[in-house]
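Colleague: Join the two chains, each given in its own frame, into one complex according to the hints.
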Amino acid sequence: MDKVFLSRLQFAATAMFHFIFVPLTLGLSVLVAWMETRYVRTGDRLYLQMAKFWGKLFVINFVLGVVTGLTMEFQFGMNWAGFSGFVGDIFGAPLAIEATVAFFLESTFLGLWIFGWERLSPRMHATAIWLVALASNLSALWILLANGWMQHPVGYKVIDGRAVMTDFWAVVTNTYGWLKFGHTVLAGFVVGGFFVLGVSAYHLLKDSRREFFQRSFRMAAGFSLISSILLFVVGDFHASHVAETQPAKFAAMESVWETQKAAPYYLLVLPDEKNERNAIKMIGIPKMLSFLAYHDLNAEVKGLRDIPEDERPPVLLTFLGFRGMIGLGMLFIALSALAWLVSRGWIRESSLFLKVFILSIPLPYIATQLGWVVAEVGRQPWLVYGLIRTSQGVSEAVSRGQIIASLAGFVLIYSLLAGVDLYLLCKFARKVPEEVRA
Amino acid sequence: MIYQNIWFLLWAVLWVVYFMLDGYDIGAGIVSPFVAKTDEERLAVIRSIGPFWDGNEVWFVTAGGATFAAFPRAYAGMFSYLYTPLLLLLFTLILRGVSIEFGYTEAGTTWKRLWQRLFFVASLVLAVVFGLFFGNLFRGLPIDESGLRGGLSGLLTLSGIIASLLFVLGFGLHGALWVYVKTEGELKRRASGLARALSLPTLILTVVFFVYLFLEVSFRVNYLKIPVLFIFPFCALVPLINVQVLLKKDSPSAFRASMLFVFFLFATGFAGMYPALLPSSISPEFSFTIYNSSSSPYTLRIMTVVAVVFVPLVVFYQAWVYRVFKR
Chain X
1 MDKVFLSRLQ
11 FAATAMFHFI
21 FVPLTLGLSV
31 LVAWMETRYV
41 RTGDRLYLQM
51 AKFWGKLFVI
61 NFVLGVVTGL
71 TMEFQFGMNW
81 AGFSGFVGDI
91 FGAPLAIEAT
101 VAFFLESTFL
111 GLWIFGWERL
121 SPRMHATAIW
131 LVALASNLSA
141 LWILLANGWM
151 QHPVGYKVID
161 GRAVMTDFWA
171 VVTNTYGWLK
181 FGHTVLAGFV
191 VGGFFVLGVS
201 AYHLLKDSRR
211 EFFQRSFRMA
221 AGFSLISSIL
231 LFVVGDFHAS
241 HVAETQPAKF
251 AAMESVWETQ
261 KAAPYYLLVL
271 PDEKNERNAI
281 KMIGIPKMLS
291 FLAYHDLNAE
301 VKGLRDIPED
311 ERPPVLLTFL
321 GFRGMIGLGM
331 LFIALSALAW
341 LVSRGWIRES
351 SLFLKVFILS
361 IPLPYIATQL
371 GWVVAEVGRQ
381 PWLVYGLIRT
391 SQGVSEAVSR
401 GQIIASLAGF
411 VLIYSLLAGV
421 DLYLLCKFAR
431 KVPEEVRA
Chain C
439 MIYQNIWFLL
449 WAVLWVVYFM
459 LDGYDIGAGI
469 VSPFVAKTDE
479 ERLAVIRSIG
489 PFWDGNEVWF
499 VTAGGATFAA
509 FPRAYAGMFS
519 YLYTPLLLLL
529 FTLILRGVSI
539 EFGYTEAGTT
549 WKRLWQRLFF
559 VASLVLAVVF
569 GLFFGNLFRG
579 LPIDESGLRG
589 GLSGLLTLSG
599 IIASLLFVLG
609 FGLHGALWVY
619 VKTEGELKRR
629 ASGLARALSL
639 PTLILTVVFF
649 VYLFLEVSFR
659 VNYLKIPVLF
669 IFPFCALVPL
679 INVQVLLKKD
689 SPSAFRASML
699 FVFFLFATGF
709 AGMYPALLPS
719 SISPEFSFTI
729 YNSSSSPYTL
739 RIMTVVAVVF
749 VPLVVFYQAW
759 VYRVFKR
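First to last, the protein sequences are chains X and C.
Under the working numbering, think of the first position of the first sequence as 1, with each following residue one higher.
Under the working numbering, think of the first position of the second sequence as 439, with each following residue one higher.
So that you can see chain C by itself, here it is in the shape it has in the complex (with noise of 0.2 Å):
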């Protein structure tokens, strides 16, 4: 049916658009030591995502509650399934969001420099389970007719244990370029350094995952029959050559090259993974997919109807707010 299908689409859309987006922010958060030095420079980093992180993180939630509308059984087995970890995600949500907002708002120095640990912890840790969760998902998670084998522990897989590295470092990266971007001066320069140091690992490890996740026979099936995805990989990995060359150059686009790092990085993923939203390495019978688990076509109708209106008018005012804060 092709309401299941557009709703893949879709579902994969808003995870990538969160990841492009709150990447930059987690990134902040995860360089902000590194790169911020003096109290001033500590409050630069968290102002310069501060009109936006709330935004960004709508992304997320929106794509949490898409699974719900449009997969249902999805959402059921997702959610429960991985209930630790996702508790852990949502503790340090909630903890780096008020990280964030009080971290400037004025008051004595031992509390600002608490909640400004708290963001970077927060950000790592938020990036570490983004990175288990997905480097699973993308894998396929040990599912059987009873349910997933092993919580937390069962996400500490090879494949789960590099993506969390790669998230780190590349959010870390798009987080530095966003810095780099965003600030003037000292921070600048630092965080165009850290953003050169970055680049390289963060290539070698997406090299890595790419090939990790291609052993896998489940992963490659799509691939197989519709070469033409490869395209995906490859262009995870241009930018992150060319981040290099731009900021030799001292040019701004470098942040836009990690923009396509992450888009290409996650498509990747969600291109292997079709059509299973839940993949179980077991068997593919376990799995949970676009088919056994989407929604009445009339349910999907109408909320294909609902993203088609809405999200395009999300993404143009989004956009306005960051020309509004483009100096």
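Okay, chain X solo, but in the shape it has when bound (with noise of 0.2 Å):
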């Protein structure tokens, strides 16, 4: 193994563990807020126990979303020297401005919360979880402006080897970045939103403080399709967007070889990237994959044998990747309009239901994976799109013998965290809410 691709595994290492926890801090901040909203609004007490019980829960994995993304943050300089020295006129300041403007918001507001309970009014206590779940949201924009950079550069010359920023409102703006901003905050209010209605339904299931888990559910439930379905027309507009900016990763996640127009999408398909075709291709479906990339029925389609050999992306984990999150994606709109009708009693809440529900926690973890590694495996070979590859982005100082040490480190730091945090939230998971003191 080279040094590039241990830079990469040990990239791809933390910032798929980082992400574990952002996109519940995403969705759950929201729906905590909204539940103490109403409390403030309707003076039900159930209200703040439930705000209170998912705060918990929220905190626990806040923390671990906190300290896993310093290494983000740095990162880029231990292992990435060369593509921070060719960026960082650019990519440094969403970075900069994040932390200034998002990260101190988030931190500070939150301490105030978890500690302010009985310092400050309901409505400034309110107020509190409410600029927590906006900061992270924001946060999520400023990063993936950065991110959207990466796979669109907009608003830059290169002037001496190095990208100079011509136009800061050009990658503000980037259309790149604000689709993944809308399809990366949907999947983290979906991944909340299952989180709350797995949790509830195991309580559901044990029938304790019913009314509680009941209302949890409930409005986990409408979050939750709302979200999903948001998500998938989000998701599609950045799908053609990226067959538009960048051909070759289209191409890859839905395994096209030939240049064809009037594309027809197949069901089944088995990636053969030695032989450049499709080992298997089946259950076509005319015309679809045209519209589907272009909102157009004979829109020519990019095939990867028109794209230079060393210009394109793995494509078998970028296929699986991307049918894999498509998938699901249609699997949580299923299952939230599922529990969207068993909350308000319109199909009977049994237990199978119920241990679905539970059972369904994962997945939308497991969508927003996929979702990174059609995203960067699909970037390939290019660091920035089109600009510097990935080989050239390695830091010259760090040797192979430190990366290795460093990726160990890590892995069994983040081990021991990750068994810590699943430890720390199925036991307040479990917990039985206190009952409503009068």
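Hints listed in this document are in silico derivations from the structure and should not be mistaken for laboratory results.
As the structure is a prediction and not an experimental result, all values here were calculated from the model.
A couple of the hints might just be wrong.
[Unchecked claim] Partial selection, computed: residues in chain C whose CB lies under 8 Å from chain X:
no.: 1; residue: 517
no.: 2; residue: 535
no.: 3; residue: 536
no.: 4; residue: 585
no.: 5; residue: 588
no.: 6; residue: 592
no.: 7; residue: 733
no.: 8; residue: 737
no.: 9; residue: 744
no.: 10; residue: 745
no.: 11; residue: 754
no.: 12; residue: 755
no.: 13; residue: 756
no.: 14; residue: 757
All C-beta atoms in this analysis are idealised placements derived from N, C-alpha and C, irrespective of residue type, glycine included.
Modeller: Okay, structure coming up:
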């Protein structure tokens, strides 16, 4: 394994681990804020208990998101000095803005929220958690604008081998980044929604605190349903924007080898990268791929054979990641629709359904990870699309041995963190929340 | 160019504020086993920093982000040359953050004790690593055209070792004073006693550190050019002397004095480094300076606007949160 591969492996491992915690923060913050707002509006203490119970789980998850996020901020310089030197003029700005505008807000007001129950008026206290929710989502925006620039660079000029920003406004309004933001945040909402659905289902199955968990379930069901539908819509726009801006990635996502007009969509496909073709190609829907890619039945879809071999991403991984994500995305709509019907009492709550919701907790997590695999593996071999290759981005000063050692360290510490997180989440999720005191 | 200078100032301010704030919660970790004897007291120490530590640490993240945005070449150089020490720093910060948050999560006593020990060890290691880092940064690192000589072991210089000792004691003092201000009873009394005991050795070490810094020719240059800068080291020492007096009077201003101490300790260092961000002790031509490492004027201008609007806002709401938790 060479330095480039090891650096990529470390980045993938630390980023994917970090992204276990981020989406739940995005989704659960909104749900908890909503619960507390309902308490402030209605004075119903059950909502207060809900905000506290789900808030506890939110905090455990949040801490891990914070500490694993530290790694992200520093490893651009540590492992990717070549990249940092090349893009710093542009990429550093959204990162620094993220810290200044979002991280401060998020961390300061979460501290206030956790410790401020007795010191603030209920209204102020609810405002604090709304600020946390706002800031978390705002930080997602800035980091995705940075990532969006790597996917589709805009507003720059290359001078003396360095990308130099010429138009900040273009960087901030990069469509790629905004679509990604919408897609990621909605995915986070689905993760949060399914988390609350699953944990509530667990308690409903045990028949503990029915009213409490029925209400939680109902809120999460509506939230998940709306989010998963919007997620699919935004995802569709995102994919066709990818087709336009990153044809090689799109071709890999769909495993298209031949450039073709009015391209059909095959439900069953298995790529065969070696022979530049698909080993299996079955159940075609005429013109569908052209429509998905460009919202036009007769549009031309570029095939991988028309892309130079050294500019193609790994096809199998990108393709499987994409199909897996799409499949799960459709499942989320079905499941949350079911949850919504159950919560309305239109379908009878049965233990089978409840078990399905418990088992569904990990699914949105898997989908978000697959999404990042598609986004980042599909961007290869580029680090910044079309500008600098991944192999050019690594740190000269860091040796292979150092990366092996650091990777081992990360695996060790992160495994420990994962264990602690899982233990604490399970422990506090299973706890029966305190009875409402009059 | 004016923006490069503005960003050196902002960069230094971010670090200084970071150490003023996180310094006390790192310090609280360092002194916790010495001032807190019962389970309740240990919890009180952690609770005193609970609402703030995460917000404090964001100053560190922002300092890192600002280095990237304003001085990308220095960011790339500094972080890749100092790979191993930074990794150690990162691991320590991660474990420490988790230990604070889970240290008061109600659970079995063994569990809690484990996190509380980790909190102490991680805080101590953090002070040592920061000391090694800044002790060397202020005086310059052995950087030549091919990069830095020696990784982690390259930081084990005399100035690195003095600085780490100083950071352990200085942050310890700062943390003891925080605990003194924020708690009651026996705990408060012990924290006050420890702070008194720490203030003299901290003073002596600060003097030693300053003398050693000024022995370095390249460090003195700015001071000889603009002698008024000598007010920085002077202002670092005066509050340290005052701490004793204020504690005798049982005045909470003692904590404010140690804030000033930390502020001027770092201000002294940064004033000597200017205009380098990563000075080379071999030759100034290998230094990463604000001139050869900065972003384009356009980027710096945008970042200046962001900083001028948002940093005061952050200061404002963080100050407000401190007021909320004042009793």
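Colleague: Name the hints, by number, that the structure is in violation of.
Modeller: 5, 6, 11, 14
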